[in-house]
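Q: Now for the letters of each chain:
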Amino acid sequence: MARRVVAPLRRLGGLLFSVALTFLGLTCVTFAIGRFMPIDPVIAIVGDKASQETYDRVYRELGLNQPVVVQYGNYLGKIAQGDFGNSVMTARPVVEDLVRVFPATIELAFLALVIGVVLGIPFGVIAATNRGRWPDQIVRFLSLVGYSMPVFWLGLVGLLLFYAKLGWVQGPGRLDVVYDDIVTPVTGMLTVDSLLAGEHEVFANALGHLVLPASILGFLSLAYIARMTRSFMLAQLEQEYILAALAKGLSPWRIIWVHALGNVWVQLVTVIALTFGSLLEGAVLTETVFAWPGLGLYMKNSLFAADLNAVLGGTLLIGSIYIVLNMLSDLVYTMVDPRAREPN
Amino acid sequence: MAMGAPLLRVRNLSVTYPSDDGDFRAVRNVSFTVGRERLGIVGESGSGKSTTGRAIMGLARPPARVKADELMLGEVDLRAQSERQLRRLRGKRMAMVLQDPKYSLDPVMQVGEQIAETHRTHLGSSKAEARVAALEMLNAVHIRDPERVYAMYPHQVSGGMGQRIMIAAMLIAGPELLIADEPTSALDVTVQTQVLSIMDELVRERGMGLILISHNLHLVSSFCDRVLVMYAGQVVEICDAGSLADAQHPYTRGLLAALPQLGLKRDELPQLQRDPAWMDDIATPLETHSRKVGA
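As given, the protein sequences belong to chains X and V, one line each in that order. Read left to right, the first sequence gives residues 1 to 344 (my numbering). Read left to right, the second sequence gives residues 1 to 295 (my numbering).
Bound conformation, chain V alone:
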């Protein structure tokens, strides 16, 4: 699926947290590329998937040490950027949607303002221009009556609406890469699909790349083109979403086996047996590609 030059190239990304009893390696030698596609990163809590996303944005929680052999956003070497230069990239060329709009929106600022400020920051627009752009953006995330919603405060909007507002605020300056960190896990099941499809629509229309971080294997495999499975800070498997069933790594296979299936009665869900050997550093993750149809 990845076409042309990749938007993001990550090679041997490591994030380490120093602590009194030795360093904690939250992310270990993670490598992948993202094109104008939807890449899913799945893993359980603590697997390093969110830390990976934040490290790409240059927003790893201090006192993290971030190291990489290569961290390229298009032609820009992210490792060589100063904080000021990174700031110009964030929101403009790469952006991040967080888990819960209840906490990621500023409670005392009108939501429209929060969309407009990204525009003003990166495009140097006037208040009036930014307002117009924000109203258009609200429209683009399928919000009816943008004028009214613009002046609302975060506590007045629902979770699904809040997340669409967040997406609008992140995409208004036209980034080419969007990192969505568990964007639907705080939402009601009924609006999850709606938010995902709006995100998908925008990402496709604008030819962007999307990294969808989630613990939900089912959601990621049905929504993304490729899936990256992380365990204990490492990528254990990369595969095309369609061929997930053929995944080789025992962890991935275990996860798949644990998924409940419609029409299949089981007395007990199989428990995932963790092999301590999975903690060891691995040279290259397993790769599974889609089989040609009919092959």
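Here chain X stands alone, though its shape is the one from the complex:
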């Protein structure tokens, strides 16, 4: 009986240990980027017209005269306290900025992922089960488009068509100016907050702004998920247990959507987790095109302003999210695959 409790705990312990190790590696990378990027952090603060004295003082204040190992130790210590330094651009702590912009990106990426999963998986299944026929051709063409069209181009064309010409959706930004500051932020996600506050008009407007960028990002993840589902599915349909299911006289519906897809899920978990990661990361371009005040836009602006603390903070955040996603996919994996449950 004790083993039943101890085994999962040990697995969780191992998982947390590897997460901690990966995170440490991540801080090494961000620290190294900060040290070796050809941006002078002192000039970024004092400007290039400052006197040598001022320069030297700031240089010492930043601890840049200390050995690299000590600097890294200080860096870790600050991160542990949640201190990512101040942003030059907004003159506020980077952490505060991240807390403000990140929910906007999550909102966008999450809706995009839902679109990608809800449509991508059935598309992939239908393509695989109709291999070589027209549904397959359509899905493969859509995947190709999603793969090869740059997101900024799709975004601009989307705005031109659905906003400027047809007027079906709202324009760039998260909200029309008239609706600003009506809803007090709780989660930072406007659609959720407006619903919580019961402000249906704000919700409708926020959704109108959200739907186009989310659809475009969703289309990209759909392309990837459909493609992967299709090839996983084709491999599963070759398996012997499918023949056994046919011999039992099961319906094609059950064979495809229960048996084959049940096995495809095992492989899809990782794909979906990685898709979500790349959605957060790929938001830089989409958010720029749609003036979406999220993490991507924040990082782009910081980068152009040589605002190193902000860039490194954002990088660390995205990196951490990748780590968390990997951990989550490991956990979900054991839920969908009974073989992963016992460490034999």
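If you are wondering where the hints come from, they were derived from the structure by calculation, not from laboratory data. Treat the hints loosely; a few may be bogus.
Said to hold, decoys possible - One-sided excerpt, in silico: chain V residues whose CB lies under 8 angstroms from chain X:
| # | residue |
| --- | --- |
| 1 | Phe32 |
| 2 | Arg87 |
| 3 | Arg90 |
| 4 | Gly91 |
| 5 | Tyr103 |
| 6 | Met109 |
| 7 | His155 |
Unchecked claim - When the alpha-carbon atoms are kept at most 20 angstroms apart in a straight line, the in silico EDC-like pairs for lysine to aspartate or glutamate are as follows:
| # | chain 1 | residue 1 | chain 2 | residue 2 |
| --- | --- | --- | --- | --- |
| 8 | V | Lys67 | V | Glu205 |
| 9 | V | Lys92 | V | Glu205 |
| 10 | X | Lys300 | X | Glu281 |
| 11 | V | Lys102 | X | Glu240 |
| 12 | V | Lys102 | V | Glu182 |
| 13 | V | Lys102 | X | Asp337 |
| 14 | X | Lys78 | X | Glu53 |
| 15 | V | Lys92 | V | Glu37 |
| 16 | V | Lys102 | X | Glu238 |
For every residue, glycine included, the Cβ atom is placed at its ideal position computed from N, Cα and C.
Assemble chain V onto chain X, guided by the hints.
A: Just chain V now, with coordinates in the frame of chain X:
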């Protein structure tokens, strides 16, 4: 041994695979009947024995072309059935056990579910009813503690147990014909006999017909009532299992001669000499019947 109206009548069954350099005839004009008996089909790999089994089930690997002058399951003409109609027959009136339970069981579904789903599909039973039936079936294939095994996943059961689960899943809806395609070749020698005897027990109790497909002449001759020997897609010989020693076809005789025998020391096992003439189409296979005792 065949009694009453045969369960399965096959006349001139051919399975052809089209390919760029001409058609490949995997099965050529195979004819036989199966009653409530155990018929063995032996042959080497590529002799068409598995393809024959799959063609009967309507599951020949595409792009196969299946042709037959007669393919009757009881009163049902299998050639005239739509895919939907065939589906109602599979599992319900004819079923097939495959070689390796490691691959023929769905790895992410509880094994009990995999037995119950056949019941639900064909008998329209509720989840609870199908569960009860599946537990009974697990009992029938001599699995102790069915409740516990029901909730196990395929990777948690042994090969012998997996094959018994497969048999349970195939027999739960009460088919009258079972095709077992190399059902024991992936199993340990020690559990082969056990699985065969459980299969035999069920087939006898239920008065079913069994087609046992195997490359193992010894196993087939000791387990079956009649043996059908296939070579290059054709049936070269049909004989009663007891009179296999009197087989006439040189291929069968060669196979028999190659069997190692206990207590008989030989320097070298005789090699089977293949005659290219065996590839030619033959009109009727040789038939050998058991000699009357004392005759």
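Q: Each of the hints needs a verdict: does it hold here or not?
A: Going through the hints against the structure:
Checking Phe32 of chain V against chain X by beta carbon gives a least distance of about 20 angstroms; that is not within 8 angstroms, so the hint is violated. At a threshold of 8 angstroms, the smallest CB-CB gap from Arg87 of chain V to chain X is about 5 angstroms, leaving the interface hint in force. Against a cut-off of 8 angstroms between C-beta atoms, the interface hint on Arg90 of chain V holds, since the closest Cβ of chain X lies about 4 angstroms away. Given hint, Gly91 of chain V at the interface with chain X, holds; its Cβ is 3 angstroms from that chain's nearest Cβ, closer than 8 angstroms.
Because the smallest distance between the Cβ of Tyr103 of chain V and any Cβ of chain X comes to about 4 angstroms, under 8 angstroms, the interface hint for this residue holds. Annotation: interface hint on Met109 of chain V holds; nearest CB of chain X at approximately 6 angstroms, less than 8 angstroms. Taking 8 angstroms as the C-beta cut-off, the interface hint given for His155 of chain V holds, the closest approach to chain X being about 5 angstroms. Distance restraint check for Lys67 of chain V and Glu205 of chain V: the Cα-Cα separation of roughly 33 angstroms exceeds the 20 angstroms cut-off, and the hinted pair is therefore not satisfied.
Taken as a hint, the Lys92 of chain V and Glu205 of chain V pair is honoured in the structure, with Cα atoms around 17 angstroms apart against an allowance of 20 angstroms. For the hint pairing Lys300 of chain X with Glu281 of chain X, the CA-to-CA distance comes to about 11 angstroms; that is within 20 angstroms, so the pair holds. Of the pairs offered as hints, the one joining Lys102 of chain V and Glu240 of chain X holds, with about 9 angstroms between alpha carbons and a cut-off of 20 angstroms not exceeded. Taking the CA atoms of Lys102 of chain V and Glu182 of chain V, the gap is near 14 angstroms; set against the 20 angstroms cutoff, the hint holds.
A distance of roughly 15 angstroms separates the Cα atoms of Lys102 of chain V and Asp337 of chain X; the hinted pair therefore holds under the 20 angstroms criterion. Only pairs whose Cα atoms come within 20 angstroms are accepted, and Lys78 of chain X paired with Glu53 of chain X is rejected, the gap being roughly 27 angstroms. This hinted pair checks out: Lys92 of chain V and Glu37 of chain V have alpha carbons roughly 19 angstroms apart, not beyond 20 angstroms. With a C-alpha separation of about 15 angstroms, the suggested pair Lys102 of chain V and Glu238 of chain X falls inside the 20 angstroms cut-off, and the hint holds.
Going down the numbered hints, you'll see the structure goes against 1, 8, 14, while the others check out.
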